[in-house]
Each structure stands twice: as C-alpha cells, then as structure tokens.
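First to last, the sequence lines map onto chains A, B and C. Under my numbering, residues 59 to 555 are what the first sequence spells out, in order. Under my numbering, residues 782 to 1256 are what the second sequence spells out, in order. Under my numbering, residues 69 to 214 are what the third sequence spells out, in order.
Since the hints were derived computationally from the structure, they do not count as laboratory data. For every residue, glycine included, the Cβ atom is placed at its ideal position computed from N, Cα and C. Certain hints may be false.
[Stated by the list, open to error] Which residues of chain A face chain B? A few of them, derived with a C-beta cut under 10 angstroms, are:
(1) 80
(2) 86
(3) 87
[To be verified] Footprint (simulated), chain B over chain A, 3 or more residues, beta carbon under 8 angstroms:
(4) 71-78
(5) 105-112
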Amino acid sequence: MLATSSRRRPLGRTILHVAIVISMAFGVLAGAGGYWSVVVAPDLVRSPYDPAVIAAARTVPRGKILDRAGLVLARNAKDANGEFYRVYRGPAISQVVGYASGTYGRAGLERGYDAELTGLAGDALTGAFRKFGASQYDPSDLVLSLDYGLQRDAVRALGNRRGAIVMLDPTTGEVRALASTPTYDASKITDPATAATAFAALQDDKDQPLLPRATLGRYVPGSVFKIVTAMAGLGSGAITPSTTYKEQPAAEKRGLMVKGFRVHDGHHPQTGSTPLDLVSATEVSCNIWYALTGLRTGGADLVAYAGRLGFGAPLPFDLPTAASQVTGGTGKAPGGFVDDVELANASYGQGETFVTPLQMALVAATVANDGALMRPRLVTALRNKGGERQIGPERLRQVIPADEAKAINSAMVAAVEGPLGRLFTTGSKVPGVTTAGKSGTAELGGTGEPHSWFIGFAPAEAPRIAIAVLVEQAGRGGEVAAPIAGQLMAGYLAANP
Amino acid sequence: MSVSPRAASAPTLPRILGPIHPRPRWTEARLLGIVAVALIVGSLSLGMTLAHRFAPYDAGGLAIYLAALGGAHVAQVLAGRRSDQILLPAVGLLGGISLLLMQRLPQDLVTLKVGGSTIGLGDIQLAWLCLAIAVATTLGIVVRSDTWLRRYKYTWAAVGIALLLLTFVLGVDVGGQRLTLRIGPVSGQPSELLKVILVVFLAGYLSENRPLLIEQDTRLGPLRLPPLPYLAPMVAMWAIALGIVVVQRDLGAALLFYAVFLALLYAATGRLSLVLIGLVLFVLGSALMASLFDHVRARIDIWIDPFADPLGTGYQIVQSLHAFARGGLLGVGLGAGLPMVGGRLPIPEIHTDFPLAALGEELGLVGVIAILGVYLVVVERGLRIGASAADDFRSILATGLALVIGVQAVIIAAGDLKVLPLTGVTLPFISYGGSSLLANAVVVGLLLALSDKGVEPPPPPTAGGWRSRLRRRPR
Amino acid sequence: MDGFLAVIWIVRLLFLALLYLFLARVVRSLLRDLRAAAREPSSSLGRLIVLDSPSGEPPQGRSFDLDAITTLGRDVNNAIVIEDPFASAEHAVLTYRGQSWYVEDLGSTNGTYVNGGPVADLSPLGYGDEVAIGQVRLRLERARPA
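Let the hints inform the model, and build the full structure from the sequences given.
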C-alpha cells in the first residue's frame, strides 16, 4: 500500500524529471551549436558552397599561383561589372591548377587550396580575431614545385593521345610535371564571355578532358607492376636478388601450370635454358619468374608491401587521388586474392590490378630514393601579408631497406641499358646518363591495343628525376611510352644540371 | 460543526474586472528594464552596421514594442494579481530579438497592403508582436477560473479535431505541406492553436483518470500496464500524429504533439513503462512512415547526410550549418551576416524556419546559448507553476503549456542544427508569423493566470467520478 | 582597425553581455524563489492523530502523514486501516484540494462523523476537526514543520 500511495503524491517529482529531460535536450542543442560553430566551423567557412566564400570570390582578388621559377600560372582579371575572374597561363596546367569559376565551382588546386587563395584559411583563433579587422580576407599566393616548361613539354609529348605523365624529384617528392591529356583551357571556363559554351562542350566530350588522368585514372599496369612484386619479394625475405627457379626455363616453352591454369610467356628465347635471377628476369621482363616470385611471396605480403607504397587508399597529395589496388580484395585467399591464379597474374600486373600513373611514379621514385617513400607534393610555399610559409619535404616511410632498393635499381638499369633490355625499352635511355626503368604493356583482354607504360629514373647512381608515362591503348610500352620518358628526362636533366 | 461557511458555499462566478488593487511587480520591472536596455543596444548595433550611423535602427518600431511591454507591465500591476514576474520579461526579450531580426531581413520577404501603403516584414511582425502581448496580458489578468477549460474538455477535443479535419479538407498546400487554412481574408495555421487545445484536453483527461492510470494494472508479460481501455487515447494520439504526417505532411507538429503527450503521460502517472511503449510505437510509426512515404524518407536521408547534395535537397540545412559556422563563437554582429549572393538570402524560409541560424551567424555560439537559456527559463517557469499548482488539472495544464513551448523550440533548433530531421515548426516568439505568435501568446497568458495561487480554489472532488469506478475494482 | 569599427564591436559585445546579464538576474530570482519554497513547511499536507481506538488498530496515539488522497476503512488496502466492527471495508476518503481538506463518506453502513455531526456526502475539514469512524476517533492536524 505504501508503494501505491507514494505514486499518488502531487506531480512535483515527475515534473522535476520532465524538467531534467528537457534541460538535457537544451544541453544537447548547445553542444550541437558548439560543434557546428566552433569545431567544424573552420572547414565549413572555407567550403566553396559557403555564400560568404562565393560572395568574396567576386569582390576579393584570389591569390596568384606560381611555378617553381616564379612564373605566374594563374592571375586575376576584372570583367565589365568590376568583378574578378581568373586567367590561366595555358591549357598545359589546367589539369593541375584547375579552375575557380563563380558558376561552375572549383577544380584542381583552385579547389583544394580555395580557402588559402580566398584568404579565409587560418586556425579558429585567428578566425575569431580576423573579424575585428577591416577586411576579413588575406589571400595567399601558392608557389608550386611544378616546372612549367617541363609540364608543357610533357603535354606536347603526349600530343593528341590520351595519357598521363608524372615526373617528380625522388628525394623530395616534389612534382615537376603532372600531365594528363587531353587537357582543356581553364581560362575559357572562368571567362564570363565564353564560360557557358566551353563548359558544356567539355562535359559532353567523350574523351573526358576534365578528368585528371594522372591522379584519378586507374589503369591495368602490366609489367611495370613487376617492380612492386620485386619490392614485396625482397622486402618480405621470400627471395634474394640471386633467387632462381629451376622450373622457369621449361615453363617458358610449355607455360607455367598454376592450379590447372597455364601462365604463358615466351617472348624472350634469347635466354635459353638458363634460370634467370632478379636482374636478368627484369631485363627480359620474364612473366614466369615474377609469377613464381609472387607465389613464393604470398598474397598477404604482396598486398602489404603495395600498401606501404600507397596502394589501397587515396594517396596523400594536394589533389584528389584514386586508390590503386593489387586485387579486388573479395577473395578468400591471403591478401584478398581469389586464388593462386589471380596472385600469379597480379605479380606481373595482369590480375585485378589497377593503378594511377601517380602511384607508379611513386614506385619508381621509392626505388630511386633507396627505398624511402616521400610524400608527393605540388605546393611548396604559401605567401601572404604575413610572409612566406615553406612546406618542406616529408618522408612517409622506408618501404624496403636501401640495399634491396639498390638491387632493384640495378635490375631497372639492366632493363634499359642491358643488351636484351635495350630491345624492350628503346629510346628511354638519357644520353650520357645511366638510366633505370621498366616498360609495361598492359593487355586489356578483348581486341583493343594495350596500354603503353614506362616508369623509371635517372641518373641511376644519384637519381634526380623519376617518371611514369602512360599512353592509353597505344601499343607496346617499349615503343611508345619509353621514348617519351627518355626525351623528357633528358630535357629535365639538361635544363637542371 | 466548525466547518467554515466560506468553504462550503458554491464557488463564485469569475470576476472579469474587480475593483483596482494595484500590486507592485518589482522583479518584472527590473527585468524589463534590462530587456529594454539590451534591445536598444541591439538596435544600435544593427543601426551602426546597416546604416553606418550611431543611432538605433528603426527606432520608432522598437519604441512601439517597448511601450507595449511597458503597457503590459502596468496593466498587470493595476490588476493586482500575484502572477509570475519572470515570464513576461523573458518572452519580451525573445520577441524583441525577433523584432530586430525581422527589421534586419529584406523587408520584401513578406508584404501587406494596408490602405494605400505597403508595409514590410518588420512592421507586420511588430503588429503581431503587439497583438500577442495584448492577448497574453489580457488572458493573464482576466482568467481567474479554469472551469471553462476543465469542464468542457471533450468539447475542446472536438473543436481540435474539427480544426484538424477542416485543415485536411479545406487546407491550402504551401510548399508541399497542407498547414494553412484560409477562410475569406483570414488565413492561419490551425496546428499552432491545436497544440494549446491538445494540452487542455490532455490535462482534463489525465487529471480525471490519474488514479486509475496509476493504480490499476493489466499484466502483459513482464509489463504492468494500466487497464487497456485507458490506453485507447494513447493509440488515438498516435494515430492522429500519423494522420498529420500523412495528410498534412507536417512532421514537426506530429512530433510536437506526440512528445508533449508522452511527457504529460509520464508526469501524470510516473510510469516509465507507458513512455517506453510510447517510444516503441513512435519507432514503429516512424519506420512505417519512412517505408511508405517518399517525403518522410527524403527528410531522413537529408538529415543523415545533407552534404551529399549540398546544392539540391540538402541545401537549406547545409546553408543553416554554414551560417552557424560563419558565426563562430561571438558572431559577426547584428546586421553583418547573411551574405547575399545574386540578391538572394543564403537560406530560404529564413524568417520562419531558420531564425536561429540567422541569430547563430550574427550573435554567434555565445548568443545562441543565451537564447536557448531564455527558452529554458520560460520552460522552467512553466514547469514550476505546474509543480506548485493547486490540483492535478492545473498542474498538468501548466506543465503541458510549458512543454509545448519548450519542445517546439527544441524541435526546430535541433532541426536547424542537424540534431533531428528538419521539420517546419516555428521557433516560438522569434519566427515570423501571426498564428505562431498568437498561439504562443495564449500559452503565456494561461501560464500567467495559472501562476496566481490567490484565486478561486479548484472545485472539490465530486462524489462519483473516478471513485465510483474504483469501488467496482475487482479483487 | 578604425574607431567606428571598434565602437561597433563594443556595442555588439555589449549586446551579448546584456543577454547574459538578463539571464543572470533571472537565475538569481529563480534561486531566491527556490530558497523561499524550501523554507515552507514540509511537503506533507497534514497529519491524522489517532485519539481513540478500542481495537488497537490503528494504534492509539499514532500519527499518520497524509497524502493528497487518503482512504480509510476495514479493508487492508486502505491507507489507514480501521479495525472496528462498525467500520465498512471502504469507509471514507480524505482529499486535499486547493487550500483545504475534504472528507467524503464512501457510502458506509454506519456513517462518518465530523465533530460529532454526520457527514452527508462531502464535508470540508479544518485543522483540529475530529473525524469519527465507528469507535475510532481521529484528529486532523497541520503537518510538522520539516
């Protein structure tokens, strides 16, 4: 009875409970206000969807974008209404710099560094105090590591073919050229007079000129992926540079049986019946040797070492990048492979393997830099009223030990300069400089022409430039991509002695 | 017999206007003084920002508003009632902030032709605010008896349902929602009035049946529930809420009604099991609605990730969040926010659905928390009036009225801040709109009246009633 | 930062400060109100003292704190059980409504008496009044101060 009579008391107690609940609800609202107004506010106020940013874009001049020599790549002009619009140096840089248009939004670095270029960037504290000043905006100029001349040469080298070229300094990760073709003229998108027709035409173009292939295109790598397999094999200890497989020479003729599936190879009769080691297998680009190496390394280690090179997730970069993959990852076998057949094929780049040109350039650069992966970067400094802020090189990780990287370096030198290698990589050698590289011919299945690949670096003993060249459906790697790479590296080394 | 004849005599008829016995209200006067100073400073801030002069912005409008507040204070002093002294200043501050905001927004958002001239948003809102103050004050002074609410609860329920049906049938679709009822030249949103009627009905029903709901049990597995027939209103309430969602597409009103109902059910019975069942019904209902109706599902999708389509479906809420972000801690200052792009405000429907986002930008997190604090004060006063009321009916009525304001403020603030899906309810006392202001004025007026304990005691319990039913309780 | 801008910011921050001054004053009033409420007598509404109880149930001299609704009768489910041959199972109920107490006879066989007079149906009850049910006499008193 006591229990029930206590429940009949006046309502004070239950009303108190209601008051507590609604007070907590208000507390949650205050917390949410703090989240949006303070915690994530720095991101939101820089977003191109913020009307303050949009309004500022019309009245506040954006910061300039300069190449490494100080050449102006992007500047401002005024239209008839006195509002600013962007003018760019030329189509060669459009895939990198992008565009900043009031109507069509932002792309490229103009998008990634919108806040800095508009002058809205800064931590929460400076943001809180900036509003006390006369102008809320302090635009920064961007200084890029890009070499405009090299960039233009790279775009010209690709010509009217679809493809991509990435060139970077392997010791710092600074990108010197980042070409994707076909490209477009960003100034036509930002110029109010031509914007509408130009943008519509670009969107309708079936060659997708707005797609930055170097960073967002994902391609079958073919034999250039063998460098990744070699790094995984050496790094995991599964092989040494002198590892040979006695079944390999015979398999050259009959094919290698993996789980009833025959891995074919046969385009290098010159080596006869001698079992190949790392250097000679790389020189002749032996699929059987790399398949066996992949199988011995195992799927788990192959995926793990690829992951250390940046596979499996978008790369940390100033532009958006697509994630490269070794395998689709849906299988039950170690590493996510379906079975050993897929692993064997992936080991020479013909499985469910897809890579971006930037990723392959990093593979070459890591070998060149004694196994250390540097964070790729385009923006090296920000300049505003407060002065210049340098963004220094950043070492991401040591992928494999330096001596193992040197072994692969030698193998890649053999692939370019060796008596047999030379036949596959015609034209990639920089005259007078020891050159390392690896060509790739990525079969697409079906009847189309293969993708033509080349990755490499020079000079091999103290590399100053690493490169990845991809030309879509252009034929054999040694015939198309390799000469482009040799010519561009030669030009760069000559201009930067 | 020492029974006093006073108590035995029948209750006297309500006095409409008795002889005048003024009673000073110093707390209210002091608080109103602060409100006046604050609003003048706010207007000054607005004037300096927008007109670049050291003078209040639209000083005339503000003067009229402050005079109305002062008039309400004087009227209450003269009436001599011992009613609450905090509600009027708190609500007056919110209304003043509303006035500053509406004066500052583009005046052509809403226009009205009066005689030969056209008046804009700020002036219309000023007129509604003054009318609302008059309504609240009049109710707070005049209402001395609650019989008219207590006795006719089913009549009120019928009026409410009639209003609802009328809106279902004759309502005008505005922005995909059938909320507006237009009869001749008068148009309004009945759901605003409906919430008051709902609370009156619930107070009557729950106070009458409280002992039964508390004492009797039906065992359903491990649950101990009140007799099943007395759960019928709960199911009916649930069905009405669903009906509002389906026919009127008004998620906000449905959520408000249902939340207030559950809170009152708990306040009256103290039974957590009822609230739990109510929440289960709510989840089931929401799932049902989401699976059946695209507009409900769309709202939920937008809520989960508005940034998926920041220029399309998620536009409003994304812009609201951007406004809070631009405001930061201290705000950009009254009149300095809301960047216009191409002559358009950043947030559509800012004056009805997103005033809090506008205030979040211009007053910052610090200002938003202050405004939420004022709402909490209003709710707390209402609940305190409820807790110390003379009987169950008045307790539940005051609690319900306080919750109507509090829960509505929470729902729309949570919508603006992406804590809940966005629903189109107004922010009490701040949003533009006559229906909303007048309905909330009725709420404040009734709370003022209920807070005066020196009035006619509630009627003694009648013989029969619940106890005759209690007697038939099976053993 | 020019002078006009500085003044604008002073005015803007002053406005925010005034909002908080208002809240602080309101909270002070609320706390004063709560303290005043705490000084009021205990939440119990009143007591019923057993003056005379021949059967010993309820025990003589015992004091019952009353709820807003307190039932009396022979049945064990009553808040105050009256073990008396002249008491009915559900004999009477005391209710507190508004400012005062009421006693109501629930149709008992032998009736309920206030200060010696029979209760017809419902009767107001003052502090100090005596209620008689059968041979049991009880007196309504104010609650003890907390």
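Structure-based check of all given hints:
1. 80: holds, 5 angstroms
2. 86: holds, 6 angstroms
3. 87: holds, 5 angstroms
4. 71-78: holds (count 7)
5. 105-112: With 6 residues close enough to chain B, the hint holds.
Hint compliance for this structure: no hint is broken.
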